[in-house]
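Undergrad: 1170 is the number that the numbering used here gives to position 10 of the sequence shown; each next residue is one higher, with no gaps.
A hint or two may mislead.
Straight-line C-alpha distance at most 27 Å; calculated BS3-like pairs for lysine-lysine [what the hints assert, rightly or not]: (1) K1433 with K1494; (2) K1494 with K1410; (3) K1520 with K1238; (4) K1433 with K1410; (5) K1238 with K1360; (6) K1494 with K1520.
Think of the hints as simulated: they come from the structure by calculation, not from any bench. Since the structure is predicted, the reported quantities are computational estimates derived from the model, not experimental observations.
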Amino acid sequence: MQGSNPTKTLARTAAATVAAAALVAGLVQTASANEPRARAAGEPTGITTISTGYSIPWGIHWMPDNSSALVTERDTFKVFKVTPDGRRTQIGTVPESQTTGGEGGLMGVAVDPQWQSNHFVYFMHTSSEGNRIARMTYDGTSLTGYTALLKGITKNRYHNGGRLAFGPDGYLYATTGDAQNTALAQDRNSLNGKILRMTKDGRPAPGNPFGNHVFSLGHRNPQGIAFDPQGRLWEAELGENARDELNLVKAGNNYGWPVCEGNCSQAGMTNPKATWTTAEASPSGIAIVDSAVYMASLRGERLWQIPINAGNENVGTPRAHYVGTYGRLRGVTKVPGADALWLSTTNADGNGGEPAGADKIFRVTIG
1161 MQGSNPTKTL
1171 ARTAAATVAA
1181 AALVAGLVQT
1191 ASANEPRARA
1201 AGEPTGITTI
1211 STGYSIPWGI
1221 HWMPDNSSAL
1231 VTERDTFKVF
1241 KVTPDGRRTQ
1251 IGTVPESQTT
1261 GGEGGLMGVA
1271 VDPQWQSNHF
1281 VYFMHTSSEG
1291 NRIARMTYDG
1301 TSLTGYTALL
1311 KGITKNRYHN
1321 GGRLAFGPDG
1331 YLYATTGDAQ
1341 NTALAQDRNS
1351 LNGKILRMTK
1361 DGRPAPGNPF
1371 GNHVFSLGHR
1381 NPQGIAFDPQ
1391 GRLWEAELGE
1401 NARDELNLVK
1411 AGNNYGWPVC
1421 EGNCSQAGMT
1431 NPKATWTTAE
1441 ASPSGIAIVD
1451 SAVYMASLRG
1461 ERLWQIPINA
1471 GNENVGTPRA
1481 HYVGTYGRLR
1491 GVTKVPGADA
1501 LWLSTTNADG
1511 NGGEPAGADK
1521 IFRVTIG
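Full structure from sequences and hints, please.
TA: Following this line, the structure appears as C-alpha cells:
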C-alpha cells in the first residue's frame, strides 16, 4: 500500500491558500452579482464527487442503455458497475491479468454497441506473454467467460497504451505503446506503437491500410482516443521529455515517433494538432463534449479543454482547469445524454503519493 505524500498535500493546500488570498486582494477576476465573468463556450461550470474508494481506476465505459458505467482497476484487475449516482458494485475480475510494476495491468474497457443482444464486453490487459485484447460476457450482473482475441502485443514496465473504443464504423480501436522499444513504432508489422482497428472477433478490420491490424503508426504511448460527432478520431499520447501530443488520426498516417516528438518537418510524418510540455500534461484519457476535446493529465494534474471545429482540422487555444487541485487525472468520458463528464483520479498509482482506495470519480458539468 502506498503511503500518503505530505509534500504534495502541503503544496496543494498552499496553492489553495494563495488563490484565496488573491481573490481577497482582487488579484484574480471573479464574477460579481452584476458582472458575470466572461466564459468560453463549453467550459466546465461545476465538479462534484460522484464515487469513491478506488485504487487506480483506468478505463470507464458507459453501457448502451445508460443505466451504468463499467470501471476497471489497473492493479487489482477488478471491474465495477457504477450507477449514474455513483453506487458501485464489483461484477468480476479479468482472468489471466498481470501487472508490470509500472503502467501495465487491466486497462481499457469497451462495451459492444450491440450489447443488449450479445452481452459482449472487451478489455485490454497485460498477461504472461504480453498485452492482450480479450472479450467477456456481461449479463448486467456479473462477468463470465474469457476469450483472448488478440495476443502478441509486446509488454514492458512502461508504454503499454491500453485504451479501447468502438468507432462509428462498428470496429474496435485500441491504442498500443512502443513497450520501451522505439523501433517498434515505425515497424508496420508490429502491433506496438500503433492504433489498431479490428473486428469484434479480433481480426484485422476490412480496409485497414496495411492489410493487418495497424490503422496508424509512429505512436509512443497513446492512452486516449475519442471520436467526435463528425466521426473523426482524436488521440492523445505521452511524449518522452519534450512534447506531449493531441493528434487527429487518419488511416495509414505516421505520427512520427521516434523520429519526431511533437512537430517536425520530416517528410511522411503527420504533425500533431496541439502539443504541451510533459510537465503540463502527460495525458491519459480524452473525451469530447460541446465541440471540445477534454484531456486528463497525469503529471500535469489538470484537465485540458481544446476547442475543435466541425468545419476544419484546426484547434483553438487550450485552456487548463483544476490545475493541481485533484492530483493525477487518468480517465475521462462523456456522460450519455448530458453535457457532462466523468473524470477519475489515479493518485494511488505510486506517483500520486496516496494510499490504496484514495482514488475518486468526479462528475464535471459543461455549460
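Undergrad: Hint by hint, which ones does this structure get wrong, listed from lowest number up?
TA: Failing hints: none at all.
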